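Visitor: Read off the chains here:
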Amino acid sequence: MIQQLPFFYFGGMALVCAILVVASRVAIYSAMALLGMFIHVAGLFIVLDAPFLAGVQLLVYAGAILVLYLFVVMLLNLQGGGSTPLQKQTPWAILLSLLAIGELGYLLVKTHFYPKLPAIPHPSVPTLGNSETIGMVLYTQYLFPFEVASVILLIALVGAIVMARGRGRFRPE
Amino acid sequence: MVPLSWYVALSAMMFVTGLVGVLIRRNIVVVLLCIEIMLNAVNINFVAFSDYLHLIDGQIFVFFVITVAAAEVAIGLGIIISLFRLKESVNMDDYNLLKL
Amino acid sequence: MMPILLIPLLPLLGFLIVGIFWPFFKGKGHLIALPLVTISWAIATMEFFKSFTAPPSLTLVYDWIRSGNLDVGISLQYDHLAAIMLFMVTTVAMLVHLYTIGYMHGDSGYDRFFAYISLFTFSMIMLVLSDNLVEMFIFWEAVGLCSYLLIVHWYERRPSWLAANKAFIMNRVGDFGFLLGIFLIYDTFGSVRFAEIFPAMASHLHETVNISAAFGGNWHVPVLDVIALLLFLGAVGKSAQIPLHPWLPDAMEGPTPISALIHAATMVTAGVFMIARMNPLYNAAPFALHVVAWTGAITAIVAATIALTQPDIKKIVAYSTMSQLGYMVMVCGLGGYGAGIFHLLTHGAFKALLFLGAGSVIHSLSGEQDVFRMGGLRKYIGLTFATMLIGSLALSGIPPFAGYYSKDLILVTAYQQGPLGQMLWLIGVLTAALTAFYTFRLLFLVFGGKERFHSEAHGHAVHPHESPLTMTIPLIVLAIGAIFAGWAGEHYGILNYLAQELPLPQVHEGAGGLSENALKGISVAVGVLGIIGAWVLYGKESAIPGALAKNLSFFYRISLHKWYFDELYDAVFVRPSFIIGRLFWQELDKGVIDGIVNGVGSFFRGSGVVMRKLQSGQIQNYAMVMGIGAFGLLAFYLVFNRL
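Protein chains in written order, with my numbering: chain H, 782 to 954; chain Z, 614 to 713; chain X, 18 to 660.
Please keep in mind that the hints were generated in silico from the structure rather than gathered at the bench.
Possibly wrong hints are sitting among the right ones.
With the C-beta cut set under 8 Å, the calculated list includes, among others, these residues of chain H facing chain Z [claimed, not checked]: (1) 800; (2) 830; (3) 845; (4) 857; (5) 916; (6) 945.
Over the 10 Å line for every Cβ pair with chain H, so calculated as not near, a few chain Z residues [unchecked claim]: (7) 708; (8) 709; (9) 710.
Small disclaimer: the values here were computed from a predicted structure and weren't measured.
Each residue gets a CB set at the ideal place from its N, CA and C atoms; glycine is no exception.
Taking the hints into account, I'd like the entire structure generated from these sequences.
Guide: Set out below in C-alpha cells:
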C-alpha cells in the first residue's frame, strides 16, 4: 500500500487538476490548474523511473508552454466566457464521455496485460530512463526522427511569428 | 506494486476529461489547454508501458510528443491571436468559418 | 459477282450522298439519285437477260451473326425469281425517280424525297435478294420504314402523319407475326437460310407444336401450318390483305410517285413475293394454304366493291391495287405461285402507270383529287388520257394488254384446282367484272363528260395543262410495258422460267367442265361487260348512278364507307387504346410515376433542409461527430466482437 501511495497521490492530483481545467470558468484558473497537472504528471514519470522525462516535462510544459499560454491569456485580457462558458452540445458531450469511459473500462477489465509479469519491477534496470540511455538511443536509433522534430520546431517557430505578427492578409483593413 | 492497468485507467480518465473539455468549452484557449491534457494522458500511457516492458522506445516517443506539443502550442496560439484580431472574440461560436 | 452487288449498292450510294448532303443540293438531288438508279437498272436488266442461261448465284457480302447454329449473313441470292423481280423493281424505281423530277418540282422537301426513294429502292432490292429470313425481315422492315417516311413527306399536314402512323402500326401487327414465324422456323429447322430450310421440309411434315402451352393447354397442331400462318400474317400486313388493309388507301396521303412506287408496284407486293419465295413451306402446309387462298379472294372482291363508289381518284386506284393483290395472294394460296408472280410483274407496270397517270391528272388540276370535280380532261391532257386508257384496259383484262394474260392465267389456274379453286374462280370472275367497271368509271368521270372543275370551290379559274416531259416519259414507257409485258411473259414462257424456284401447280384432270379457251372467253366477256356497264352509268350525264345509290342505299353506304372497317377498328382498338392511354396518363403516370419522381425530389430536398443543420461550421460539432464515430465503432466491436 505504501508503495502505491505515490501513484495515488500523483495520479489523483493530475486527474483532479485536469477536471479543474475543464470545469473552471475563468481561463487563467484553467491555465493554473494545467500547471498543477503538468507537475503531477512529472511526478508520475519519476515514479515510473523516467527522471529525464520528468525534467523535460517540467522544463518544456511547465516552463515554456504554460508561460506562453499565460502570456496569451493576459494579452487577450480574457475575463471569462460570454454569457456561458459552455457549448450547446454539452449534454451530448457528457453522454459521449460516459460511453467512452464505459467502453474503455470494459476493455480494461477484459484485457490481460501480460499476465506473466504481474507488476512493474521496481527498481528494474538502473540505467533505464536516465539521460544517458535516452541520449544513446535518441542519437543513434532515432536520429532521423529527432532531426525531423527539430525541423518541425523550426517551422513552428517561423509560423508562429508570421501569424502572430499581425501584418498581411489576416489583419482587418 | 502498482498494476499496469491502473496507469491505463488513469490515462483513459484523463483522456476523456480532455475530450469533454474540447467538446464543451467555448473559450478557444481553454480548448487548446484541454488538448494538452489529452496529450499528457497519452504520455502517461507511453511511459507506463515503457517502464513495464523495459523498453526505452516509449520514453523516446514521449519526447517527440512533447516536441510536437510545443510546436502545436506555438502555432495554435499564433492562430488564436490572428483570429482574435479578426473577430474580436475567443468564443468558438464566432468562428464558423467552415460554414459558407 | 460484282455487278449484282452493284445493283443494291448504287441506290444506297445515292441515298447516302443525297441524304447526308441534302442542304447543298437545293433542288438538284435528282442529279445524283437518278443516274445511280439508272445504272443500277441497266445492270439489273443485263443480269436479267443473262439469267436465262447463267446458273443462279449466291454471294455472301457480310457475315453478320455466327453463333452456334445461327448463321445469318447479308447475302445476295440471285436466281430467276430474284432476277425478274429486280428487273421490275429497278425499272419502276427508275421511272418514278424520273417522274418525281416533274411532280415534286419546287417542293421544299425535294432532295429529302430523293434520298428516301433511293433508300427505298435499295431496301426493296435487298429484300428481293435476301437468302435468309432474318435478312429478309430487316429489309422488310426497311421498306416499311421508307414507306412511313415517304407517306409523311408533307409532315405539316395532319392527314399525312395520321396515315403514316396508321400504316406503320398496322404493319407492326403483321411484322409481329412474321417475327414469330422466323422464331418458330429457327426453333424447328435450326436455321434461317432458305437453302437449308427447304430441303428439310419433308422431315418436319408430321411434327406438331403445342400452341396453347402458355395457358397450360394441350392443343397440338402441325408446326408447318403455324409457321406458314405466322409468316402469312406478315404478308397480310405488307400486302394490305383483309383484315390489315385500311392503311393502304390512307397511305395515298403521300405524294403520288410514292403511291406508284411503294404502294402499288413494289413494297405491297413484298408479301406475295415472300409467299412465293417460301413456296416449299406453303406447299407443305395445306391448311395455311387454304387460309391464304380465302384471304386473297375475300380481299379481292371486298376491295373491288369499295372501289366502286369512292370519289377520290387515288383511293380508287389504291383499292384496285388491294384487289389485285388479293388476286395474287389467292392464286398463291392455290399453288400457282408462278401465276401470282406473273400478275405481280404486269400489275407493277400498269398499276404504276395508273398511279402516275392519276398523279399527272392531279398535277394538271393543281391538286384536285375528287373525280366528280374533273371531267372532260381528254381535250387538255391527251397523252395522259391515252396512257391511262392503256393502263385501264390492261387492268380490266382486255386482250392484248398485259392484264389479260396474267389475270387469265390466275383464273385458269384457279379453275383447274378442283372445287375450291372453282369457287374462288367464281369470286375472281365477279371481281374482274367489278374491276373493269370501276376502272372505266374513273376513266369516264375524269376524261369524259362535262368539265366540272370550274367550280367555285377554289375561287379561281383552273387551266388544266399537260405535265412536263419528265412526267410523261415514264407514262409512255410504262404504257409500253402495260401493252407488251403480258404478251412477252406468255411468249417467252415465264412460268417455265420461274419453275426453277416456283413449281407449277398440279392440274386436277377433269375437275372442271370448261376448257381453257372458254375460261379466257368468260373473263374477257365479264371485262367487256364491266366496261359497258361503266359506259351506261358514267359515259354521259345520267341519273342512273344517283337512282341506284338511292335505291340500293344499304349496299351503297357499305361500299362508300369501305365496309366500315375503319369505324370497326376505331371502336375496337383505337378508342379503347385512347381510353387506356388516358387512364395511364392521368392516373398512373401523373399520379404514381410523377408522384414517385416528385417524391424522390422532395425527399432529398427535405432531407437537405434537415441535413443542412449538421453543417454548422462549428469545429466542435465536427469533433463531436468524430468522437461519436470513433466510440461508436468501438461499441460495435465490443458488442459484435468483430470489426
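Visitor: With reference to the structure, classify each hint as holding or not holding.
Guide: Taking the hints in turn, this is what the structure says about them:
Look at residue 800 (chain H): its Cβ gets to within about 6 Å of chain Z, closer than 8 Å, so that hint holds up. Because the closest C-beta pair between residue 830 (chain H) and chain Z is about 5 Å apart, less than 8 Å, the hint holds. The beta carbon of residue 845 (chain H) comes within 7 Å of a beta carbon in chain Z, closer than 8 Å, and the hint placing it at the interface holds. Of the supplied interface hints, the one on residue 857 (chain H) holds, with its beta-carbon coming within about 6 Å of a beta-carbon of chain Z, less than 8 Å.
For residue 916 (chain H), the interface hint is violated, the least distance from its beta-carbon to any beta-carbon of chain Z being 11 Å, above 8 Å. A distance limit of 8 Å between C-beta atoms decides the matter here; for residue 945 (chain H) the minimum to chain Z is near 4 Å, and the interface restraint holds. With a least CB separation of 12 Å from chain H, residue 708 (chain Z) remains clear of the 10 Å interface cut-off, as annotated. Annotated as non-interface, residue 709 (chain Z) keeps its C-beta farther than 10 Å from every C-beta of chain H; the closest such distance is 13 Å.
The beta carbon of residue 710 (chain Z) is kept farther than 10 Å from every beta carbon of chain H, the shortest such distance being approximately 12 Å.
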